[in-house]
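Trainee: Listed below, chain by chain, are the residues.
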Amino acid sequence: MHDITATEHMDRLRDELFTETAHALKTPISVIKSASQVLAARATPELLKSTALIERQCVRVERLVENLLALSRIRSNTLQLHQVSLELGPVIEEVVNQARRISNTHNVLYRPGADIRIRADRERLVMMLRNATDAAARASRPGRPVTVRLDRRGADAEIAVAFYPDSANHSSEGPQKDYEFDDLGVGRYVTATIVEAHGGTLTEEADETSTTIRIRLPLLVESS
Amino acid sequence: MNNGADDVLIVDDDPDMVTIIRIMLDDAGYQVRSARNGKEALESVAAKMPAVVLLDILMPVMDGWQCARELRARYGRRVPIVVVTAAEHAGARAAQVGGDDVLAKPFEMAELLRIVARYVPGKGSGSASTL
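These protein sequence lines map, in sequence, to chains Z and F.
The letter at position 186 of the first sequence is residue 186 when you use the working numbering, and the numbering goes up by one with no holes.
The letter at position 115 of the second sequence is residue 115 when you use the working numbering, and the numbering goes up by one with no holes.
It is worth saying that the hints were derived from the structure and are not from the lab.
Where is the CB? At the ideal position from N, CA and C, for every residue including glycine.
Under 8 Å between C-beta atoms, here's a sample of chain Z residues computed to sit facing chain F:
| hint | residue |
| --- | --- |
| 1 | H23 |
| 2 | K26 |
| 3 | T27 |
| 4 | I29 |
| 5 | S30 |
| 6 | V31 |
| 7 | K33 |
| 8 | S34 |
| 9 | A35 |
| 10 | Q37 |
| 11 | E62 |
| 12 | L69 |
| 13 | H82 |
| 14 | E123 |
Start from the sequences and build out the full structure, keeping to the hints where you can.
Mentor: Rendered as structure tokens:
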């Protein structure tokens with residue numbers, strides 16, 4: 001009994017340390033990213049490649065920190081959702097615009113299909129969308145587009161992120177999931193958990209040429 | 001949205017954060033001053049009213065919560081407060097503090113300029129607060 005309590009205590013301490021460290025990293029990331037943007041505003045075309053590289057790597061660390069923070073919340077059962085009624089299209093557009101600005105190898109496209117309102121935590125929604133578009137861009141063949149579609153499917157909103165996996169990773173044994181959502185597996189776990197916490201589902205499917213990450217979230221039911 | 005003042009007060013205990021925000025705002029043509037904690041911020045506001053306060057939350061001596069409470073008690077809504085925070089659910093946190101707006105760390109330069117423009121006259125209208 002004593003051992004279990006001690007283990008739980010150590011787990012809690014580890015989660016707290018994890019959370020505090022992730023929080024503490026946000027300020028230095030912010031300073032480095034901002035300094036890179038200041039330099040970019042004054043840089044020569046040649047230097048712009050370096051400032052863009054710094055910013056891309058900052059975004060990578062930023063995403064990792066966000067996911068580790070969410071993971072620690074999930075582990076300690078303290079993940080909170082501040083759900084509000086919101087229009088899904090503009091949120092997707094914001095994420096896609098940012099992904100397009102940052103990516104140097106892919107064109108990220110958004111195909112809005114319907115005006116859709118859902119009930120969601122905006123911050124967590126942005127996180128799951130970023131994770132899905134990042135995963136697609138990372139695994140996609142350079143030069144091929146990543147396409148994000150929003151459609152209504154029955155009682156759900158469906159966000160489909162489609163891409164063409166890099167042939168270097170493609171299996172000759174036919175269609176299969178031939179990519180990893182993220183290096184550590186943290187991004188996929190966090191995304192799936194947040195989607196499920198919103199009452200939705202996360203699935204991935206592949207055919208001979210393309211792979212699609214599908215996020216389904218329940219449509220907002222307006223009370224009369 | 002503006003109170004007639006023309007400068008920005010940055011309140012943050014991290015000198016690098018103050019420096020980089022100052023550079024971005026200087027480049028955009030803003031008048032800028034800074035304070036290292038809530039107590040210094042209150043003294044600075046008492047000496048001269050700023051157009052907007054960019055307020056960090058976790059600071060020594062006097063934190064952002066206390067500083068925001070004091071500013072509201074002394075000046076009501078005449079001093080716009082933009083909460084600059086690394087906290088999760090930054091918008092909800094800023095509303096709790098009594099902020100008019102929020103800038104979540106890590107932020108984009110364009111986002112900083114868009115928000116500050118809402119409160120400083122002659123620098124653009126900016127879009128509405130997200131809170």
